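Here is what each chain is made of, one letter per residue.
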Amino acid sequence: MEKLLLSHTGYEVKEARILRTSRLTEKDKLFELSLIGGEILDFEPGQFVEVSLLGVGEAPISICSSPTRRQSFELCVRAVGRLTTALHRLEAGDVVGIRGPFGVGFPITRLIGHDLLLIAGGIGLAPLRSLINYVMDNRRDFGRVHVLFGCKDPQNLLFRDEIELWQRRMDVGFQCTVDRADPDWKGNVGMVTALIPGVDINPEETFAVMVGPPVMYRFVIAELLKKGIPEDQIVLSLERHMKCGLGKCGHCQIHDIYCCQDGPVFFYERIKDLKGAI
Amino acid sequence: MEHLVLPKSSFDLFVESLVRRGKVVAPVARGNGQFVFSEVQKGSDIALRYIPTILPPKKYFMPQYETLAEYDTRRGQKLQPVVEVESLILFGVHTCDLAGIQCLDVVFSDRPKDLNYLVRREYITVIGLECNDYCDTYASCGLMGTFLPQGGYDLFFTDLETYFLIHVGTQKGEDLVQDMPFLGRAQSQHLAELEALRARKAQIFRPEVPVDRALLPRMFKEGFEAEVWEEIGGRCLSCANCTNVCPTCYCFDVRDVPDVNLVTGRRIRVWDSCQNEPFAKIASGESFRAERSDRKRHRFNRKFSYPVKRYNRFFCTGCGRCSRVCMAKIDLKETITQLARETGYLKV
Chain U
148 MEKLLLSHTG YEVKEARILR TSRLTEKDKL FELSLIGGEI LDFEPGQFVE
198 VSLLGVGEAP ISICSSPTRR QSFELCVRAV GRLTTALHRL EAGDVVGIRG
248 PFGVGFPITR LIGHDLLLIA GGIGLAPLRS LINYVMDNRR DFGRVHVLFG
298 CKDPQNLLFR DEIELWQRRM DVGFQCTVDR ADPDWKGNVG MVTALIPGVD
348 INPEETFAVM VGPPVMYRFV IAELLKKGIP EDQIVLSLER HMKCGLGKCG
398 HCQIHDIYCC QDGPVFFYER IKDLKGAI
Chain X
4 MEHLVLPKSS FDLFVESLVR RGKVVAPVAR GNGQFVFSEV QKGSDIALRY
54 IPTILPPKKY FMPQYETLAE YDTRRGQKLQ PVVEVESLIL FGVHTCDLAG
104 IQCLDVVFSD RPKDLNYLVR REYITVIGLE CNDYCDTYAS CGLMGTFLPQ
154 GGYDLFFTDL ETYFLIHVGT QKGEDLVQDM PFLGRAQSQH LAELEALRAR
204 KAQIFRPEVP VDRALLPRMF KEGFEAEVWE EIGGRCLSCA NCTNVCPTCY
254 CFDVRDVPDV NLVTGRRIRV WDSCQNEPFA KIASGESFRA ERSDRKRHRF
304 NRKFSYPVKR YNRFFCTGCG RCSRVCMAKI DLKETITQLA RETGYLKV
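Listed in order, the protein sequences are those of chains U and X.
According to the working numbering, the stretch in the first sequence is residues 148 to 425, in order.
According to the working numbering, the stretch in the second sequence is residues 4 to 351, in order.
Just so you know, not all the hints are guaranteed correct.
[To be verified] Capping the alpha-carbon separation at 20 angstroms, the derived lysine to any residue pairs in SDA-like fashion look like this:
(1) X/Lys81 - U/Lys422
(2) X/Lys175 - X/Arg24
(3) U/Lys150 - X/Val273
(4) U/Lys150 - X/Glu294
(5) U/Lys422 - X/Glu294
(6) X/Lys45 - X/Lys81
(7) X/Lys175 - X/Glu89
(8) X/Lys116 - U/Leu153
(9) X/Lys116 - X/Val273
(10) X/Lys81 - U/Gln408
(11) X/Lys224 - U/Leu312
(12) U/Lys419 - X/Lys81
(13) X/Lys284 - U/Thr168
(14) X/Lys336 - X/Val273
(15) X/Lys332 - X/Thr140
[Said to hold, decoys possible] Here are a few chain X residues that sit away from chain U, every Cβ distance over 12 angstroms (derived from the structure):
(16) Ser41
(17) Lys45
(18) Leu197
(19) Arg258
[As the list claims (entries may be wrong)] Output of the computed footprint for chain U on chain X, the stretches with three or more beta carbons under 8 angstroms from beta carbons of chain U:
(20) 73-79
(21) 180-189
Calculated directly from the structure, the hints in this document are not laboratory data.
Note that this is a predicted model, so its numbers are computed, not measured.
For glycine and all other residues, C-beta sits at the position ideal for the given N, C-alpha and C.
With the rest of the complex left out, here is chain U (with noise of 0.2 angstroms):
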């Protein structure tokens, strides 16, 4: 067996230093980071990278800072597999691989011009905060905008600092959720689609975007449509695990979609008939 040594196959990753990071809940940690050398990643809103530690792995993050701010890019990581418990270990200074970024981002070009109601559940905040602030960025090009966040109680409420900066503009209706409240709550109780009758929009021109776990996708796809948004203004994001990132592994196909390339960003009206998407 000869061993040949090549520059470019897809599998190598970018080295990029952690610059900061802040506990966000007990399981969740963001990490502010740049690429060594001062490359800049480019990438969309809703994209993901592959995360490697030598000897550990990888892992599929999705980015959850804006483009906008393209110094650094940060990932809102939580502790649940090996990877990621071992990432939580790792501090400022600390050094990590980069793949990507993988897969098709929320198609702004579709978004521009149009009014928004962007949906996070629970984690799913962490993708869809990528696209808020990138709205907030360029909050012309964009007409009325609401955000609905949902999740399980106040302790895993996610970017506090920043909900409480996005409550104060005026320019966005933001609403919060959890599921279950504590003492010291003051904000709304009960699920997310909850809060979809009462926002005022106009369907014919408004575009939902969502992220959240499948169950929420399918309550809240349903208040939507019940709401008069058409299917093709309906979009969201999936989650699979992308182990190789470049449609070949197989553990992110839906049917004959693969999720790292083909999404992980999809309108509704492309995936509501493959059984098991949602």
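Mind docking chain X on chain U? Use the hints.
Leaving out everything else, chain X in the frame of chain U:
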């Protein structure tokens, strides 16, 4: 391209000549009616009549364990991509397995191209071997139309009693048969005998299940909720034998293998299987194909429906390996028959 004639008395000379050029791999008998592709030194090592080998030639194109990159943590988090290659002459590949290699070629040439596969591929010379009759009753090459050669080889052998007729398929094949004085040019009578064999074969190899091949993708789509999936799902043991032996199953896992010094190591890919429960699991613990019936249906659709849409070809080559190795006796032909019956696609 031209046809050549190799008298059977010179077969050993031919194999010796190949062995002088490099490592030769061919079907070899392993007892209990089983065959494997393995290195050979001489003509008599080769089983010219064999049922599909336990593992298809896939193992040379996409090894079960393959190094994608090497690392040395003293150099930071960088990876050095590598491709492991070996010059190989693969002799005696049946038409079903040629079709299997073509399927892999299509997948790994699709953008983004997989250089680990494509670079290694260049080092392999493929010599096909025609089946004059069925190998056994598990095959469904009549249904899939893979009992005749459709390219994908450098040389192709047809056994015509006293001699082999060799079709030269590529320049690589042409180069291989240079300086082989025991080869003669084919005459019209040889080509006539090939024609006659092919005509006989057209009578022997008939669709093993009475369905229209062109309608299979539609049948699988319409039969997505058919009972057959529950039925075979109930028997499936989730052992992944079917995907391991499939010539077109290419799913893999990527993982790190640190050396014992914990300083250096490799990132590898290993065969994985959609039949394993964790295959479609995500971080939250949700599994998108939690039931065995979901996974069986997914695999069948990945042979007869999804790739037709994506790559415009079937990913079942009719080799019959999945049925041969299934411990629960889930039979591909029976499954298709049952699905065809449920969906009304069975011809009467």
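Please verify whether X/Lys45 and X/Lys81 have alpha carbons no more than 20 angstroms apart. Outside the cut-off at roughly 45 angstroms; violated.
Can the restraint linking X/Lys81 and U/Gln408 be considered satisfied, given a maximum Cα separation of 20 angstroms? Between X/Lys81 and U/Gln408 the Cα gap is close to 24 angstroms, so the pair fails against 20 angstroms, i.e. violated.
For X/Leu197, is the shortest CB-to-CB distance to chain U above 12 angstroms, so the non-interface label stands? Holds, since 38 angstroms exceeds 12 angstroms.
Does U/Leu153 sit within 20 angstroms of X/Lys116, going by the straight-line distance between their CA atoms? Holds. X/Lys116 to U/Leu153 sits at ~14 angstroms (cutoff 20 angstroms).
Classify the label on X/Arg258 as holds or violated, using whether its beta-carbon is more than 12 angstroms from each beta-carbon of chain U. Contrary to the label, X/Arg258 does not stay out of reach of chain U, its closest Cβ about 6 angstroms off (not over 12 angstroms).
How does the coverage statement for the region 180-189 of chain X fare against chain U, requiring three or more residues with Cβ below 8 angstroms from a Cβ of that chain? violated (count 0)
Are 3 or more residues of the region 73-79 of chain X near chain U, judged by a Cβ distance of less than 8 angstroms? holds (count 3)
For X/Lys224 and U/Leu312, compute the direct alpha-carbon distance and say whether it is at most 20 angstroms. violated, 48 angstroms
Would you check the hint for U/Lys150 and X/Val273, treating anything up to 20 angstroms between C-alpha atoms as holding? holds, 18 angstroms
Given the hint that X/Lys116 pairs with X/Val273, does the C-alpha gap stay at or below 20 angstroms? holds, 18 angstroms
Quick one, are X/Lys175 and X/Arg24 close enough, alpha carbons at most 20 angstroms? holds, 13 angstroms
Measure nothing beyond the straight line between the CA atoms of X/Lys336 and X/Val273; if it is 20 angstroms or shorter, mark the hint as holding. Violated. X/Lys336 to X/Val273 sits at ~29 angstroms, over the 20 angstroms cutoff.
Of the hints listed earlier, those the structure fails to meet are numbers 1, 4, 6, 10, 11, 12, 13, 14, 19 and 21, in rising order.
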